[in-house]
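There are 2 protein chains.
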Amino acid sequence: MPFETNHAHSVTIACIQYEPKIGEVEANLNAIEERVREAHAKGAQLIVLPELANSGYVFDSAEELASLAQPIPDGLSAQRLIALASEMDIYIVSGLAEVSSGVFYNSAMLCGPEGYIGTYRKMHLWYRENLFFEKGDLGLPVFDTPLGRIGIAICYDGWFPETFRELAIKGAEVICVPTNWVPMPDQDPETEAMSNILHKAAAHSNGLFIACADRVGIERGQPFIGQSLILDATGWPLAGPASRAGEEILYAEITPSDVLSKRRLNEFNDKFGDRRTDVYG
Amino acid sequence: MPFETNHAHSVTIACIQYEPKIGEVEANLNAIEERVREAHAKGAQLIVLPELANSGYVFDSAEELASLAQPIPDGLSAQRLIALASEMDIYIVSGLAEVSSGVFYNSAMLCGPEGYIGTYRKMHLWYRENLFFEKGDLGLPVFDTPLGRIGIAICYDGWFPETFRELAIKGAEVICVPTNWVPMPDQDPETEAMSNILHKAAAHSNGLFIACADRVGIERGQPFIGQSLILDATGWPLAGPASRAGEEILYAEITPSDVLSKRRLNEFNDKFGDRRTDVYG
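Protein chains in written order, with the numbering used here: chain A, 1 to 281; chain B, 282 to 562.
Same shape as in the complex, but just chain A (with noise of 0.2 Å):
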């Protein structure tokens, strides 16, 4: 079994909800800087930022996105969070548009005081991505680092339930979300979130830390809805949801060790150990 675990100690995480402009990488990168510059500040060890933080997200086309797009981690964006992660002595999880060997990936990248450490290319695309990137090829990784084991999801993953399953079972206990949330097609805008709604049904029945950070603003007229959120292992929300349209800076301190406790349930229930794996494998 994966569960083993030696992080029993607790990480201040933080969430930066904020509105990537389309197509100005360097003035997001500013942007980016300066509110990990905030939250660190403030105590995170741990920040994560939304999908295509650095290029913004409705790309007019292909070409558009081909000179936003950059290599991960030798483009000038994950190189300047790497430095700032190796400077501040931090963890950082942002979203970025990925180029490799001329094929484009909606992707996330994990860095550390050590440098590089991964990236997630995204598996379901949404929509229109459909158009301009390939669907992740790299799997569902999680990262073992010393604040705990770290996995990825971006935005549409998160609607299927088995992303989190895998990541789980594969030892992961704290989900790292940059996302791009719009408005779903049957959702009254006035109740809570969708999204929320999964994301908190995951870190529930999987016994899994959640943070998710979301962008706001329209962009060439698409809404994104902002109400980003750090989930408990038990679903319940530890911050947030933030709101709707304005940027904001959300932390929590979590303990990712506590998985281990909080996926048992009483003297016959364990999350995991109950599964039926002789049903549904």
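Keep in mind that the hints were calculated from the coordinates and are not lab data.
Don't be surprised by glycine CBs; every beta carbon is placed ideally from N, CA and C.
Please note: incorrect hints may appear among the correct ones.
[What the hints assert, rightly or not] Covered by chain B, per the in silico footprint, the following chain A stretches (three or more residues, Cβ under 8 Å):
#1 114-128
#2 148-161
#3 194-202
#4 267-278
[To be verified] Here are the simulated lysine-lysine pairs, BS3-like style, with alpha carbons at most 30 Å apart:
#5 Lys135/A to Lys21/A
#6 Lys42/A to Lys21/A
#7 Lys302/B to Lys323/B
#8 Lys302/B to Lys416/B
#9 Lys135/A to Lys302/B
#10 Lys451/B to Lys170/A
#11 Lys170/A to Lys323/B
#12 Lys135/A to Lys170/A
Add chain B to chain A, keeping to what the hints say.
Here is chain B on its own, set in the frame of chain A:
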């Protein structure tokens, strides 16, 4: 693919939230009959009753359960429900304490105008149920009826995303959930019940109609939380949540075959077509 369907008609579904009395099978069956007649009079064609609706829940001993459990479909409780369904030309899903060859199961029976249709035996046993019942050995059956393809899950089954995923993949359109939800240890009783969050997420991410009939009352010191609800295949409530403590009948009109269109999100995305079975099987 099992998603061909010809159930393109609407069905009125009712969830009966009521308080069974522990050990009083005859009185419980009378109470059930009265409420089923009321729901039928209001047009219900598919009626869902709580978990262990005939026996109550908090058994003092294995001997007590043995004195209450009955065979399905030949026992008195099953026969009364089958007779009601036949008389009223309706379908009923009810939790029942089942004995089969000396083994006890926390089961649910589906019957209709044509008589007995099938049994589901709870796969995930909660807490002290493990002292009294065997884990279900019938898998997750889907019953093809003239109303639609019906799956069944009972209470703690809903804590496992695989339950709904498996039923959806097998072609289920409507999941009936007889339940006896208890307060979760980490639940603030003033907030929305985690049970409701889990079922909203399951309905949304699988594109399934889900009808949960909970019990109410305090039995031998154990409170139950009510809040029955009927969910659209988008995940949003069509009826409920019902009150936390009062008896109540919820009604909703659904069209089971709508699951097909509700799983199709836009020209690029389909909740099942987008699954990355190459990664998570």
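Going through the hints against the structure:
1. Restraint check on the stretch 114-128 of chain A versus chain B: 6 residues with Cβ-Cβ distances below 8 Å, three needed, restraint holds.
2. Counting residues of the stretch 148-161 of chain A whose CB falls under 8 Å from any CB of chain B gives 4; the rule of at least 3 is met.
3. Proximity of the stretch 194-202 of chain A to chain B, defined as three or more residues with a beta carbon under 8 Å from a beta carbon of that chain, is established by the 6 residues found.
4. Proximity of the stretch 267-278 of chain A to chain B, defined as three or more residues with a beta carbon under 8 Å from a beta carbon of that chain, is established by the 6 residues found.
5. In summary, the hint linking lysine 135/A to lysine 21/A is supported, as the alpha carbons are separated by about 24 Å, within the 30 Å threshold.
6. Simply put, lysine 42/A and lysine 21/A have alpha-carbon atoms about 25 Å apart, close enough for the 30 Å limit, and the pair holds.
7. Restraint check: the Cα-Cα separation between lysine 302/B and lysine 323/B comes to about 25 Å, which is no more than 30 Å; the hinted pair holds.
8. Taking the CA atoms of lysine 302/B and lysine 416/B, the gap is about 24 Å. The hint holds against a cut of 30 Å.
9. Restraint check for lysine 135/A and lysine 302/B: the C-alpha separation of about 54 Å exceeds 30 Å, so the hint is violated.
10. As the CA atoms of lysine 451/B and lysine 170/A are separated by approximately 26 Å, the hinted pair is consistent with the 30 Å bound.
11. Restraint check for lysine 170/A and lysine 323/B: not satisfied, since their Cα atoms lie roughly 50 Å apart, outside the 30 Å limit.
12. The hinted pair formed by lysine 135/A and lysine 170/A meets the criterion: a straight-line CA distance of about 21 Å does not exceed 30 Å.
Violated hints for the displayed structure, listed by number in ascending order: 9 and 11.
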